[in-house]
Amino acid sequence: MTTRREQVLSSLFTLLQGIGGGTIVLRNEVLPERIPAAGLLILRDGTPGEAEVTLSPLRYHWQHRAEVEVFVRGSSGLELAFDTLAEGIGQVIAADRTLGGLCDWIETDAPEPADLAVEGAPTIRAAVLILTLHYTSNDPLG
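Just so we're aligned, residue 41 is where the sequence shown starts under the working numbering, counting upward by one.
Warning: the hint list may mix true and false statements.
Claimed, not checked - Here are the in silico distance ranges between beta carbons for each label pair: (1) A154 to P76: 15 to 23 angstroms; (2) L120 to H174: 40 to 48 angstroms; (3) A154 to L98: 39 to 47 angstroms; (4) P97 to T172: 18 to 26 angstroms; (5) D144 to E73: 19 to 27 angstroms; (6) L71 to P97: 41 to 49 angstroms; (7) R74 to I170: 21 to 29 angstroms; (8) E107 to G61: 36 to 44 angstroms; (9) Q131 to T87: 24 to 32 angstroms; (10) H174 to Q57: 46 to 54 angstroms; (11) T54 to G89: 20 to 28 angstroms.
Treat the hints as calculated values from the structure; they're not laboratory data. Nothing here was measured: the structure is a model prediction, and the numbers come from that model. For each residue, glycine too, the CB sits at the ideal point set by N, CA and C.
Required output: the full structure, derived from the provided sequences and hints.
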């Protein structure tokens, strides 16, 4: 049996894969050498932080901060490509903020994109999206 933490993160990973359009979605992987034309997302498990505890019944209430690294590349239209991918992330999360009931709520922070210049290659626009996953477990191990 998996922990609630792993159930939530696995469900989030599956949800992000629903963006489509050729976007590659990875989980806890090393950044590949090439960024696909449709974009790349890497879900990082992040940290659950310290739980709030209720005693009767015993429950652990988490505000788990996961990260989604977002990458797009191109020589023109980079702003639009990034915006389109960020909008896609927002749409799939808004469609199921509870991950089918596994999570109480998912909050997203606004991205802060930065351009990365790579010699001899198209510019890469990257950002880290912070997702706060609110969920409850019966165990302090998640």
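Hints and how they fare:
no., hint, result
1, A154 to P76: 15 to 23 angstroms, "19 angstroms, holds"
2, L120 to H174: 40 to 48 angstroms, "32 angstroms, violated"
3, A154 to L98: 39 to 47 angstroms, "43 angstroms, holds"
4, P97 to T172: 18 to 26 angstroms, "24 angstroms, holds"
5, D144 to E73: 19 to 27 angstroms, "38 angstroms, violated"
6, L71 to P97: 41 to 49 angstroms, "43 angstroms, holds"
7, R74 to I170: 21 to 29 angstroms, "26 angstroms, holds"
8, E107 to G61: 36 to 44 angstroms, "21 angstroms, violated"
9, Q131 to T87: 24 to 32 angstroms, "26 angstroms, holds"
10, H174 to Q57: 46 to 54 angstroms, "22 angstroms, violated"
11, T54 to G89: 20 to 28 angstroms, "23 angstroms, holds"
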